[in-house]
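Asker: Following the hints, complete the assembly by docking chain L onto the known chain A.
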Amino acid sequence: MKRLLRLFPTDHKTVGLASMAQGVLFLLVGGSLALLIRWQLAYPGAPIPLVGKLLFPLGNGSIPPHAYTVLFTLHGTVMIFFAVTPLLIGGLGVYLLPLLLGSRNMAYPRLSTASLWLSILGSLSLLSSFFVPFGPAASAWTAYPPLSTTAPGAGQTLWSVALFLSALSSILGAVNTLATVLRKRAPGMDVFRMPLTVWGFTFTAILNVLFLPVLSAAMLLLFMDRTFGTTIFAAAVPGSTAHGDPVLYQHLFWIFGHPEVYLVILPAWGVLGDLLAVFSRKPAFGYRMTVLSMALITLLSGFVYGHHMFTVGLGPLFSEAFMLLTLMISIPSSILYLNWLGTLWRGSIRLDPPMLFCLGMMVVFALGGLTGMHLGAAGTNLYLHDSYFVVGHFHLTMAVSVLLGTFAGIYYWFPKMTGRMLGKGLSHAHFWLTFVPSILVFGGMLLLGYAGMQRRLYNPSEFDFLKPLAGLNRGVSWMAFVLGFGQLLFLWNVVVSWKRGLPAPANPWGAGTLEWLTSSPPTRENFAEIPVVRCAPHVFRGADSSGRDFRSQIEEA
Amino acid sequence: MMTGPFAPPPDLSVHGSGVTSLFWYTTTATAIAFAIVIAALAWFLLRYRAGKNPVATQLQGNRGRDLAVTLALAVTVFATIDAVLVRQSRQTIRDYLGRSPQNALKVEVMARQWAWSFRYPGADGRFNSADDVVTMNDIRVPVNQPVEVRLRSQDVIHAFYVPQFRIKQDVVPGRTTRIWFQAAETGSFEVACSQICGWAHYKMRAEGRVLNSTDFEAWYHGAQERARRQFDPADTEALWGWEWPP
Numbered sequence: 001m002k003r004l005l006r007l008f009p010t011d012h013k014t015v016g017l018a019s020m021a022q023g024v025l026f027l028l029v030g031g032s033l034a035l036l037i038r039w040q041l042a043y044p045g046a047p048i049p050l051v052g053k054l055l056f057p058l059g060n061g062s063i064p065p066h067a068y069t070v071l072f073t074l075h076g077t078v079m080i081f082f083a084v085t086p087l088l089i090g091g092l093g094v095y096l097l098p099l100l101l102g103s104r105n106m107a108y109p110r111l112s113t114a115s116l117w118l119s120i121l122g123s124l125s126l127l128s129s130f131f132v133p134f135g136p137a138a139s140a141w142t143a144y145p146p147l148s149t150t151a152p153g154a155g156q157t158l159w160s161v162a163l164f165l166s167a168l169s170s171i172l173g174a175v176n177t178l179a180t181v182l183r184k185r186a187p188g189m190d191v192f193r194m195p196l197t198v199w200g201f202t203f204t205a206i207l208n209v210l211f212l213p214v215l216s217a218a219m220l221l222l223f224m225d226r227t228f229g230t231t232i233f234a235a236a237v238p239g240s241t242a243h244g245d246p247v248l249y250q251h252l253f254w255i256f257g258h259p260e261v262y263l264v265i266l267p268a269w270g271v272l273g274d275l276l277a278v279f280s281r282k283p284a285f286g287y288r289m290t291v292l293s294m295a296l297i298t299l300l301s302g303f304v305y306g307h308h309m310f311t312v313g314l315g316p317l318f319s320e321a322f323m324l325l326t327l328m329i330s331i332p333s334s335i336l337y338l339n340w341l342g343t344l345w346r347g348s349i350r351l352d353p354p355m356l357f358c359l360g361m362m363v364v365f366a367l368g369g370l371t372g373m374h375l376g377a378a379g380t381n382l383y384l385h386d387s388y389f390v391v392g393h394f395h396l397t398m399a400v401s402v403l404l405g406t407f408a409g410i411y412y413w414f415p416k417m418t419g420r421m422l423g424k425g426l427s428h429a430h431f432w433l434t435f436v437p438s439i440l441v442f443g444g445m446l447l448l449g450y451a452g453m454q455r456r457l458y459n460p461s462e463f464d465f466l467k468p469l470a471g472l473n474r475g476v477s478w479m480a481f482v483l484g485f486g487q488l489l490f491l492w493n494v495v496v497s498w499k500r501g502l503p504a505p506a507n508p509w510g511a512g513t514l515e516w517l518t519s520s521p522p523t524r525e526n527f528a529e530i531p532v533v534r535c536a537p538h539v540f541r542g543a544d545s546s547g548r549d550f551r552s553q554i555e556e557a
Numbered sequence: 001m002m003t004g005p006f007a008p009p010p011d012l013s014v015h016g017s018g019v020t021s022l023f024w025y026t027t028t029a030t031a032i033a034f035a036i037v038i039a040a041l042a043w044f045l046l047r048y049r050a051g052k053n054p055v056a057t058q059l060q061g062n063r064g065r066d067l068a069v070t071l072a073l074a075v076t077v078f079a080t081i082d083a084v085l086v087r088q089s090r091q092t093i094r095d096y097l098g099r100s101p102q103n104a105l106k107v108e109v110m111a112r113q114w115a116w117s118f119r120y121p122g123a124d125g126r127f128n129s130a131d132d133v134v135t136m137n138d139i140r141v142p143v144n145q146p147v148e149v150r151l152r153s154q155d156v157i158h159a160f161y162v163p164q165f166r167i168k169q170d171v172v173p174g175r176t177t178r179i180w181f182q183a184a185e186t187g188s189f190e191v192a193c194s195q196i197c198g199w200a201h202y203k204m205r206a207e208g209r210v211l212n213s214t215d216f217e218a219w220y221h222g223a224q225e226r227a228r229r230q231f232d233p234a235d236t237e238a239l240w241g242w243e244w245p246p
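If you read the protein sequences in the order shown, they are chains A and L.
Under the working numbering, think of the first position of the first sequence as 1, with each following residue one higher.
Under the working numbering, think of the first position of the second sequence as 1, with each following residue one higher.
These are calculated hints, taken from the structure and not from any lab test.
Check before you lean on any hint, since a few could be wrong.
Once the Cα atoms are required to be at most 30 angstroms apart in a straight line, the calculated DSS-like pairs of lysine-lysine come out as [what the hints assert, rightly or not]:
1. Lys-2/A x Lys-184/A
2. Lys-424/A x Lys-499/A
3. Lys-499/A x Lys-2/A
4. Lys-53/A x Lys-467/A
5. Lys-203/L x Lys-53/A
6. Lys-106/L x Lys-203/L
7. Lys-203/L x Lys-467/A
8. Lys-424/A x Lys-52/L
One chain only, chain A, in its complex shape (with noise of 0.2 angstroms):
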C-alpha cells in the first residue's frame, strides 16, 4: 500500500521533478521526429543510415509518405502538450511556485498528481496509437476535418483522448496554480512582492482555465464525429445528411490554439525577468510596467485567433479585424522587450550559464516575435500562410525562445533542486550549440518561406519552383542535427552533476528570492518557518563586508 501511495506523491517537488522528467523525455521523442523529418527533406527518398530499416520497414530503410505525415503530426503533438507543457509548467512551475512563493505545498496537493497523472494517461493514449492498425493520428497537430474525422482507424481517436486528457491536466494544475497564489503566500508577499516567474506561470494559469476548455469542447467533439457518428463538423454537402461544418472546428482550435502560444512563453518571459535582475544586480526595470505588459498580452492573446484563418475566406472584414488586434501586441511586447534592456542597463552584468540562455532568448524572441509582423499583416499572409514562413516564426517564439527560458530556469535552480551545480564547459557548449545552430534552423526555415515553399510536404521536389531549394532544405537540416546533438549534452550533464556535481553553495547566484532560504534540495516543508517577506524580489545595495550586495525578501530594503 505504501509502495502504491509513492505512485501518486503529493509533494509539489516529487511531482514537479516526475513532470519535468516526462518533459524531458517526450523532448526527445519530439525531437527525433524533427530530425527524421529533417532527413526526409536534405534526402527526399533516402534510406536513413544505421537505423532506418529498423524504423521504416516498409519503406526498406526511408521514410514512405504516410509515415512522413504520421512523423510531422506527432511531432508537434507530442512537442507543445507533452514536452514543453509537462516540463515547464507542470514540472517548473510546480516545483518553483511554493518556494517561490513562501508555502510549504501547493494549495491542492492531491490536484498536483492527478493533473501529473493525466498528462502520463495523456501521452499513454498517443503512444498506444503506435499499435493500432492503421497506426497513429496523420492529419497534422491541428487535425483539420474532415482529414482526421474521416482518417481510418483509431489511431486519430486515440490522438483526441490524448489531447483531452492533457487538457484536462492542465486545467486541473492551473487551478492548483491560482489558489496557490491566491491563498499560499507567505505573509508580507503582497502581489507585487511575487517574484516575474510567479506572475507568468499565474498568467498561464489564467489562460489555461480559460482556453483550455474549448480545446477540451473540440477534442470531445472530435471525438464524437469519430466514435458515434455525429456530424458536428462535417460538411453539409449535397448527398449526405450532414449538417456540420469543417469550419467551426477550426474557430474552436484556434480560440485554444492561439493562447497556447502565450501560454508557454509567458513563465519563460516571468523567468527571463527574474534572472536578467539577478544577473545584473539590479531590480528588474519598471516590474510593474513590465506585470502590466504581460497582463495586457494576456488578455489580448484571447481576441487574435483569427489570423491563422485568413485564407479561409471569412472575408476582408474578418481578416482586417484580427489584423488589427493580432498587431496591437506588439505594443505590450515591445514595452516588455524595452523593460528587460532597461534591466541591463547600467547594470553589473555576469555571464553565468543561466545569463546565456537569457540573454540567447532576448535575441531569439526578437527575431521571431518580428517576424511575426510579416503573418499578422494580411497582405503578406496572402502569400507566406502555411508556408515555412509561419514554420520558422513560430518554432523561434514559442519553440527556441520557450526552450531558451526553460534551459535558463533549469540551470538556475538545478543547484536548488539538486545541492549540486551543473558542470561549466558542458553548459557553455549546450548554450552555443543550442543557441547558434537554432537560429540557422529557424531563420534558414523562413528563407524556405520567403521562396514560397508549403508546410508539410514530403517532396518539395516535386514543384519546379521548389527544386532550386534542396541545397538551403539540406543546410538547414545538417544544422538541426547539430542542434540536437548539442541537446545530448545537457543531458549528459544533468546525469552526471545530478551524482558527482560539485557541491552548490546555499545561494550561488547571490539572490533574495525565498527559495534560496531553505536547504537544497529542499525539505519536505520547504521551510522550518514560514518567512515573513519585507521587501521586492530583487533588492541590491553596495557591497557589505562579506562581499554580499543583496537583501534577501525577508529583510527590510
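Answerer: For chain L alone, kept in the frame of chain A given last:
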C-alpha cells in the same frame, strides 16, 4: 527585389508586387528595429559587464520619465510599422478578395484528394453546359484579363496556392470560396495545395500557363469544339459545375 536561389518564383501577376513590396517594407522596418535592439544589447554587454562595471546603478525604472520613454518607443514602433502594414494589407486583400471586374474570365475549381479540376463556361458563359471546357491539373489563363476562380472541394480541405501570383485561398467542403487574379506576363506557373490533405498532399499540383490572348482564344475555341462533340447529358457525374449566383 532579391533574386537568386532563395527568391520567390517570378511574379506573373498585376497585384503580386503589392504583396512583395509589403513584405520588403516589413522586412526593412523590422530589420532596423532588430538591429537597434541587438546593438543596444551588445553595447550593454560590453559596457556593463561585471569586469568593467563592478557596481550596478540601482534604477527601478518606475519613474514617470521611464514609463513615458518606454511607452513612447512602443507606440512609435506601432505607428511606423503596424499602421503601414494595416493600411497596405487592406489594399492588398481588397484587391484579391474584392469583387472582380466585369470582364473577368470565370473558372470553377474542384479540389479533391489529390488533383485539381478546372471548368471554363465556354462561349455561352454558363457552367454545366455542352461547351464547358474541363481540364485536370491543367489551367490556362489569358494575359491581361482578370480571372475569377470559385473553389469547391469534394472531400477534405485543400488550399489553392499560386506562388507566381502571390495568392492562396482555402477550399473548404460545404462552402464556395473565391479569389481573383490578373496575369501581367505570359509564362508558366504552378498550382500547389498548401493545406495538408492526406499522404499525397505533396503531389497535388496543377500546371498553369499564361497565354497571350490569341493563343488562349485558339486553345479555348478548340477545346469547346471537342467538348461539344464529346458531351453526354446522361453522364451526370461529369456535370459537377454549378451556377454562379448573380
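Asker: Between the alpha carbons of Lys-203/L and Lys-467/A, is the straight-line distance 30 angstroms or under?
Answerer: Holds: Lys-203/L and Lys-467/A sit about 14 angstroms apart, inside 30 angstroms.
Asker: Would you check the hint for Lys-424/A and Lys-52/L, treating anything up to 30 angstroms between C-alpha atoms as holding?
Answerer: holds, 22 angstroms
Asker: Keeping to a limit of 30 angstroms between CA atoms, is the pair of Lys-424/A and Lys-499/A held or broken?
Answerer: holds, 15 angstroms
Asker: So if I understand the rule, the pair passes when the alpha-carbon distance is 30 angstroms or less; does Lys-2/A with Lys-184/A pass?
Answerer: Holds - the C-alpha atoms of Lys-184/A and Lys-2/A are around 28 angstroms apart, at most 30 angstroms.
Asker: Please work out if Lys-106/L and Lys-203/L have their alpha carbons no farther apart than 30 angstroms.
Answerer: Distance of about 26 angstroms is within 30 angstroms: holds.
Asker: Hey, Lys-53/A versus Lys-467/A, does the alpha-carbon distance stay inside 30 angstroms?
Answerer: Roughly 28 angstroms between the alpha carbons, so the hint for Lys-53/A and Lys-467/A holds.
Asker: Given the proposed pairing of Lys-203/L with Lys-53/A, does the C-alpha separation stay at or below 30 angstroms?
Answerer: Holds: Lys-203/L and Lys-53/A sit about 25 angstroms apart, inside 30 angstroms.
Asker: Between the alpha carbons of Lys-499/A and Lys-2/A, is the straight-line distance 30 angstroms or under?
Answerer: holds, 27 angstroms
Going down the numbered hints, you'll see the structure goes against none, and every one checks out.
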